[in-house]
Amino acid sequence: MTDTAWIDLALVSARPQAVGALLRYFRNLDTAEEAFQEACIRALKTWPKSGPPRDPAAWLIFVGRNSGIDKVRRQSRETALPPEEMLSDLEDQESDLADRLDGAQYRDDILRLLFVCSNPALPATQQIALALRIVSGLSVKQIARAFLVSEAAMEQRITRAKSRVAAAGLAFETPDAADRADRLAAVATMIYLVFNEGYSAMNGPESVSADLCEEAIRLGRLLLQLFPAEPEIMGLTALMMIQHSRARARFDADGAVILLEDQDRGLWDRPLINEALALIDRAMRHRQPGAYQIQAAIAALHARAERPEDTDWAQIDLLYQALERLQPSPVITLNRAVAVSKRDGPQAALAMIEPLADKLSGYFYFHGLSGHLLKQLGKVREARVAFDHAIALATNAAECAYIRMQLDKLGEEPGIESGRAEKR
Amino acid sequence: MLYAVFCYNQEDVTSAWSKEQDEKVMRDLAAVQSKYAEAGRLGPVARLQPTAAAMTLRHSHRETIVTDGPFAETKEQLLGFYVVDCASLDEALDFARDLSSANPAAGSYEIRPLALYKPSELAS
Chain S
682 MTDTAWIDLA
692 LVSARPQAVG
702 ALLRYFRNLD
712 TAEEAFQEAC
722 IRALKTWPKS
732 GPPRDPAAWL
742 IFVGRNSGID
752 KVRRQSRETA
762 LPPEEMLSDL
772 EDQESDLADR
782 LDGAQYRDDI
792 LRLLFVCSNP
802 ALPATQQIAL
812 ALRIVSGLSV
822 KQIARAFLVS
832 EAAMEQRITR
842 AKSRVAAAGL
852 AFETPDAADR
862 ADRLAAVATM
872 IYLVFNEGYS
882 AMNGPESVSA
892 DLCEEAIRLG
902 RLLLQLFPAE
912 PEIMGLTALM
922 MIQHSRARAR
932 FDADGAVILL
942 EDQDRGLWDR
952 PLINEALALI
962 DRAMRHRQPG
972 AYQIQAAIAA
982 LHARAERPED
992 TDWAQIDLLY
1002 QALERLQPSP
1012 VITLNRAVAV
1022 SKRDGPQAAL
1032 AMIEPLADKL
1042 SGYFYFHGLS
1052 GHLLKQLGKV
1062 REARVAFDHA
1072 IALATNAAEC
1082 AYIRMQLDKL
1092 GEEPGIESGR
1102 AEKR
Chain R
373 MLYAVFCYNQ
383 EDVTSAWSKE
393 QDEKVMRDLA
403 AVQSKYAEAG
413 RLGPVARLQP
423 TAAAMTLRHS
433 HRETIVTDGP
443 FAETKEQLLG
453 FYVVDCASLD
463 EALDFARDLS
473 SANPAAGSYE
483 IRPLALYKPS
493 ELAS
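Listed in order, the protein sequences are those of chains S and R. Going letter by letter, the first sequence gives residues 682 to 1105 in my numbering. Going letter by letter, the second sequence gives residues 373 to 496 in my numbering.
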């Protein structure tokens, strides 16, 4: 690795803690970010000569804080009256900087920083963009590329998100246990949004969106280090790891989706799966089931099956039932129908999803699954109608290509319309 | 003499490595190991999963407590270890030096002579 590469790495890994602490000092996202940038510039100047500091985050906080204070002082000279409260606050911080750095406070700093980006008042896209910019330190250009929008549009989206956050007011008091749990839940949702943005936009393991998945996993690991005994954070991180472990197997050379049962399981990232399985084992010991843990457990059953036919569908059905009880949703029922079709056949699954038609008529996967089940039952014409619906609702090229392939296969089927047993 | 060489690094730094960076480090470390392995002097090598996967069982006078996470919250975490057969402490230090120059993360290697060694039949 080159000299600047290790500095970059140190800056990236120190970023959440440093920006989190600077946000606590300055109580303003822009000031904190600028102070961190300033500290990074100085790090790039001095570290190559002096070698890395023993504690890069502490160094960056110290330097960033000083440059931020200078700036606040300059601004306060320019304006008529100094913001008294702010300045007196800053003096206090100078005195006890040392013990604060070593204190456990940094844990709440990072959580606050993540929480700022997880504000439920922000639409999902703004939460993701803000987190990638503020916490992960991705450039606007990188984020714009991941979202397939122009840089200017992304800049605007982030600016809008920042002003919303400022208007909502930041939560600076040290959270009590209940607040902390609420913040963790919001942050977990945001991290999963980042992951899903990457996961659903992906069209190959090397794409920009794969980076989003990895960044989300990194944030999950970070949270786990800060809160090692939170089973839902274990569940969330394990879930993302298992889903991402299949990145290399999910698409064919043309970028078309390969379904789970058709994937080359030898391409799955085993070390990542093992890490996830260890996390799930540990989460289960807490006996506080939650949605992420259940989804991770379902993913784990797939990961544990060496061949598709080894999958424990009965157990998956039970886990989906548990998930339905926890957060009833037609999408979960739809997923459960897949397990039911494997265990009890397509007819049973079709009967399960037919009542969902009203609620899920605009949902790609509903029509995709209907088409699949109808095809298995030999109802070619109805299957074609379902696939036609699906293709109209596809949101990316890979989904389109997959359905088109299904339609092509249907064309090869002899035109028997009913009464055909499942082909297997 | 058999030595254990323990690798301590900051986990938040090593887990920020991209897949490519991680693979490169593993390749560079493997090159160091193969030199010793070919000479028949390298024992077991282990890379540990992140400490987030760890649990600690602590035993005191009357009770046993199981907690999440590693035993101590320190800046550097135990990430892996080697067993190596070296003629002298100097040689063991050389091995650690080779490893550390192949590893871009700032951290430390602890070199410690073994008191007991039971090679296992465990298939890797």
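Honestly, I wouldn't trust all of these hints.
Using 30 Å as the maximum straight-line C-alpha spacing, the simulated DSS-like pairs for lysine-lysine come out as follows [claimed, not checked]:
1. R:391 <-> S:730
2. S:726 <-> R:396
3. S:730 <-> R:490
By construction, these hints were calculated from the structure, which means they are not laboratory data. This structure is a prediction, so every number in the text was calculated from the model and none was measured.
Hints not upheld, ascending by number: 3
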